[in-house]
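If you read the sequences in order, they're chains A and B. First residue of the first sequence: 1, per the working numbering; consecutive thereafter. First residue of the second sequence: 1, per the working numbering; consecutive thereafter.
Treat each hint with caution, since some may be false.
[Stated by the list, open to error] Chain A is faced by these chain B residues, among others (derived, beta-carbon under 8 Å): (1) 24; (2) 25; (3) 30; (4) 56; (5) 57; (6) 60; (7) 65; (8) 73; (9) 76; (10) 83; (11) 86; (12) 154.
[To be verified] A few chain A positions that, by computed beta-carbon distances, are all more than 12 Å from chain B: (13) 61; (14) 73; (15) 103; (16) 115; (17) 127; (18) 213.
No lab work stands behind these hints: they were computed from the structure. Positions of the beta carbon are idealized from the N, C-alpha and C atoms, including for glycine.
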Amino acid sequence: MPAWSTIRTQEPKARQRRSTINRLFGEGTRPGYRLLIALVLAVALMLLDHRTGHLQPVRYVLGHVTDPIHYLAHIPVTVAGGVGGVARSHSELRAENERMERQLLILHQRAQRLAVLEAENVRLRELLNSSADLEAEVRVAEIIGIEPDPARQEVVINSGARAGVFEGQAVLDARGLMGQVVEVGPATSRVLLLTDASHALSVQVNRNGVRAILAGTGQADRVRLLYVPDTADIVEGDLLVSSGLDQQFPRGYPVARVVSVTHDPGRAFALIEARPEARVDRASHVMLVEGARDWREED
Amino acid sequence: MRQPGSSGTPVILATFFVAALLQVLPLPEVLERGRPEWITMVLIYWVIALPHRVGVFWGFSVGLFQDVLTGSVLGQHGLALAVVSWLSLAAYKRLRVFPPLQQSAVMFMMIGSGSLIAYLIQDAVGRAHLAPLWVLLPALVSAVVWRPVFGLLRLIRHRFMVR
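The task is simple: from the sequences and hints, build the whole structure.
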């Protein structure tokens with residue numbers, strides 16, 4: 001005799017009257033039926049969620065519960081960092097301070113040159129009647145969670161809809177493009193990294209403007225250029241920058257550097273691998289490009 | 001659905017909350033692949049302990065919650081955990097009297113089937129890029145840590161008199 005039928009007989013008579021939902025999911029129904037209902041519901045949900053965006057509000061509402069979990073799970077990391085900071089010696093801090101001052105000086109010097117270059121760039125663009133603009137405001141956010149599933153390259157950051165984050169927003173770290181926001185909760189957002197196997201964006205070689213599509217591989221330190229003809233002028237060490245043609249990312253941010261170019265006569269296209277400029281597996285703070293949405297509408 | 005005499009729903013929810021926390025806690029990359037399926041374990045425990053209260057519907061809801069938590073397609077874990085809770089409902093009487101080793105073996109099979117279902121769905125929506133062999137590692141680790149988790153949850157159940 002199945003295990004559940006005994007439970008059914010034990011139930012008091014008074015509890016036979018129930019609402020429809022209770023009759024579907026209550027203890028009186030055989031688990032087999034309930035499983036069937038759950039299966040149908042789950043499949044319907046999956047189809048809706050995968051094929052359309054109608055379930056985004058459901059995720060948003062449940063986000064009120066999942067957000068605190070992400071924040072809580074980040075506490076040990078913060079505490080460890082705090083303890084590490086306290087435990088460091090005075091001399092270590094002074095050495096670091098000195099190093100940072102030196103770095104700041106170098107960066108200031110570069111920024112000085114940048115002002116001149118920018119002015120020159122604007123002049124040249126005026127000459128060419130082109131209005132593209134690289135400047136954009138950024139907002140800083142902290143990474144508070146990393147997708148536990150090793151098959152996916154995603155991180156959770158500590159800004160959400162309340163801070164003005166929107167879906168599709170470009171995410172950078174100090175060195176280059178990292179990915180884009182794919183899911184916005186009330187106080188957290190999920191960022192799909194450009195190394196995820198389902199991610200691709202349009203890039204161009206900084207040296208000569210050759211365009212290509214850069215796709216993730218699922219590994220944190222490898223990305224791949226797709227459909228590049230064997231004759232294309234791309235060599236090892238080339239810097240790839242975002243081209244903005246995908247209408248998703250702002251133009252002109254460094255994305256990756258080519259590490260290997262293989263020409264295989266048996267293949268239609270060259271096999272080109274690159275390493276992301278952004279430290280996608282080590283960064284702790286990221287920048288969200290503000291106004292990218294306006295930028296997209298302008299075009 | 002509330003039975004007269006049933007109590008402790010907040011305690012059950014709290015254990016799921018802690019399990020969810022452990023599910024997303026940052027771990028070194030080496031350990032990440034063997035992270036036990038905390039949420040599934042807690043679900044199975046409650047089904048075995050309170051089969052008249054915690055069943056397929058709980059599994060489905062908790063699964064949906066896990067979907068939002070881990071950003072997977074809605075219904076992936078919902079379906080997997082509904083099946084796992086159904087399996088535990090069908091086997092809870094035998095499970096209760098099994099010796100520890102046998103119980104862990106059954107745990108491995110139940111959690112493993114949950115992981116495999118979730119993996120199949122992930123594969124169907126084009127998000128799985130992991131060798132299928134890795135999928136069963138969390139189930140194996142879960143089976144190893146099942147006894148202590150079981151003991152702890154039983155302690156909690158008795159302490160807070162969840163019925």
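12 Å Cβ clearance of residue 61 (chain A) from chain B: Residue 61 (chain A) not clear of chain B: closest Cβ-Cβ about 9 Å, inside 12 Å.
Was residue 73 (chain A) rightly flagged as not at the interface, with every chain B Cβ beyond 12 Å? Per Cβ check, residue 73 (chain A) is inside 12 Å of chain B; nearest 5 Å; violated.
When the least beta-carbon distance from residue 65 (chain B) to chain A is tested against 8 Å, hint result: holds, 7 Å
Per the CB criterion, is residue 57 (chain B) less than 8 Å away from chain A? holds, 4 Å
Does residue 76 (chain B) pass the interface hint, meaning its C-beta sits closer than 8 Å to a C-beta of chain A? Holds, about 7 Å.
Agreement of hint residue 30 (chain B) with chain A interface, Cβ distance less than 8 Å: violated, 11 Å
Please verify that the nearest CB of chain B lies beyond 12 Å from residue 103 (chain A)'s CB. holds, 28 Å
Residue 56 (chain B) as chain A interface residue, shortest Cβ-Cβ below 8 Å: Holds, because the Cβ-Cβ distance from residue 56 (chain B) to chain A comes to roughly 4 Å (cut-off 8 Å).
Check on residue 127 (chain A) being off the interface with chain B, judged by Cβ distance over 12 Å: Check passes; 47 Å lies beyond 12 Å.
Taking 8 Å as the limit, does the beta-carbon of residue 83 (chain B) come near enough to a beta-carbon in chain A? OK, holds: residue 83 (chain B) within 8 Å of chain A, min 7 Å.
Residue 86 (chain B) as an interface hint toward chain A, with CB separation required under 8 Å: holds, 4 Å
Minimum Cβ distance from residue 213 (chain A) to chain B greater than 12 Å, as the annotation requires: Non-interface label stands for residue 213 (chain A): nearest chain B Cβ at 17 Å, farther than 12 Å.
Taken one by one, the earlier hints fail for this structure at numbers 3, 12, 13, 14, listed in ascending order.
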